[in-house]
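Enquirer: Spelled out from the first residue to the last, the chains are:
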Amino acid sequence: GAVVSQHPSWVICKSGTSVKIECRSLDFQATTMFWYRQFPKQSLMLMATSNEGSKATYEQGVEKDKFLINHASLTLSTLTVTSAHPEDSSFYICSGSLAGDVLFQYFGPGTRLTVT
Amino acid sequence: EDKVVQSPLSLVVHEGDTVTLNCSYEVTNFRSLLWYKQEKKAPTFLFMLTSSGIEKKSGRLSSILDKKELFSILNITATQTGDSAIYLCAVGNDYKLSFGAGTTVTVRA
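Residue numbers (the numbering used here), protein chains in the order written: chain A, 13 to 128; chain B, 772 to 880.
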């Protein structure tokens, strides 16, 4: 149980375009979802925390107008990278949490974004 | 600012060896320390440690937490090539998990 999927698993887009990444909890209701990014050989950096039906809380240094997060239902959160640039190329991982407890996060398989 | 430091950053061992991975932390309102294994994709959960001095074991893996000295170790005995991965340490408070940079373990046959 507690499976999280992400779509797409990888995406290539051109500079200046926007790309949307979906994160779904398949067999549980995730009241809270987290979005991370991971650069090669570096750790997961939390970008934002989103609770269903409310605005996401962004970590310091993360541009909320660039990384739009929507958590419209208890099983779906989306991250839209707007006006993507090559420096946005990274591995994006989401996680879902039952009952909003940060200690119990179930991670998705990640999305590799390459901006050309 | 919360800080999680893992060492070493990487190591190479031969099958059958034992490895010890270290994680030290400075986190406000500490709740638990977690270990994950990451093989190219999403991290998979290994252990959650909340109390000091109580060893947790799962097969050839074990881990322990020292809340006084603010560190944890993860041991892998009789390593196998399937243990090759990045091992991540994360520390949680009420708001988030803070991750270390990870230790890349390579097990050679």
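Read the hints as simulated data drawn from the structure, not as lab findings. Mixed in with the good hints, there may be bad ones.
[Claimed, not checked] 30 Å max Cα-Cα, derived DSSO-like pairs, lysine-lysine:
{"#": "1", "chain 1": "B", "residue 1": "808", "chain 2": "B", "residue 2": "827"}
{"#": "2", "chain 1": "A", "residue 1": "32", "chain 2": "B", "residue 2": "828"}
{"#": "3", "chain 1": "A", "residue 1": "76", "chain 2": "B", "residue 2": "811"}
{"#": "4", "chain 1": "A", "residue 1": "32", "chain 2": "B", "residue 2": "838"}
{"#": "5", "chain 1": "A", "residue 1": "53", "chain 2": "A", "residue 2": "76"}
{"#": "6", "chain 1": "B", "residue 1": "827", "chain 2": "B", "residue 2": "839"}
{"#": "7", "chain 1": "B", "residue 1": "867", "chain 2": "B", "residue 2": "812"}
{"#": "8", "chain 1": "B", "residue 1": "812", "chain 2": "B", "residue 2": "827"}
{"#": "9", "chain 1": "B", "residue 1": "839", "chain 2": "A", "residue 2": "76"}
{"#": "10", "chain 1": "B", "residue 1": "828", "chain 2": "B", "residue 2": "839"}
{"#": "11", "chain 1": "A", "residue 1": "78", "chain 2": "B", "residue 2": "812"}
{"#": "12", "chain 1": "A", "residue 1": "26", "chain 2": "B", "residue 2": "839"}
Enquirer: Determine for every hint whether it applies to the structure shown.
Expert: Structure-based check of all given hints:
Of the supplied pair hints, the one linking residue 808(B) and residue 827(B) holds, its CA atoms being roughly 15 Å apart against a limit of 30 Å. Between the alpha carbons of residue 32(A) and residue 828(B) the distance comes to roughly 40 Å, so the proposed pair goes past 30 Å and is violated. Pair hint residue 76(A) plus residue 811(B) holds up; C-alpha atoms about 28 Å apart against a cutoff of 30 Å. Between the alpha carbons of residue 32(A) and residue 838(B) the distance comes to roughly 41 Å, so the proposed pair goes past 30 Å and is violated.
The straight-line distance between the Cα atoms of residue 53(A) and residue 76(A) is roughly 25 Å, inside the 30 Å bound, and the hint therefore holds. This hinted pair checks out: residue 827(B) and residue 839(B) have alpha carbons roughly 18 Å apart, not beyond 30 Å. For the proposed pair residue 867(B) and residue 812(B), the alpha carbon gap of about 20 Å is at most 30 Å, so the pair holds. Of the supplied pair hints, the one linking residue 812(B) and residue 827(B) holds, its CA atoms being roughly 25 Å apart against a limit of 30 Å.
In summary, the hint linking residue 839(B) to residue 76(A) is not supported, as the alpha carbons are separated by about 38 Å, beyond the 30 Å threshold. Distance hint between residue 828(B) and residue 839(B) is fulfilled; the C-alpha atoms sit about 21 Å from each other, no more than 30 Å. Proximity of residue 78(A) to residue 812(B) is assessed by CA-CA distance (about 24 Å); at most 30 Å being required, the pair is judged to hold. Distance restraint check for residue 26(A) and residue 839(B): the Cα-Cα separation of roughly 50 Å exceeds the 30 Å cut-off, and the hinted pair is therefore not satisfied.
The structure shown violates the earlier hints numbered 2, 4, 9, 12.
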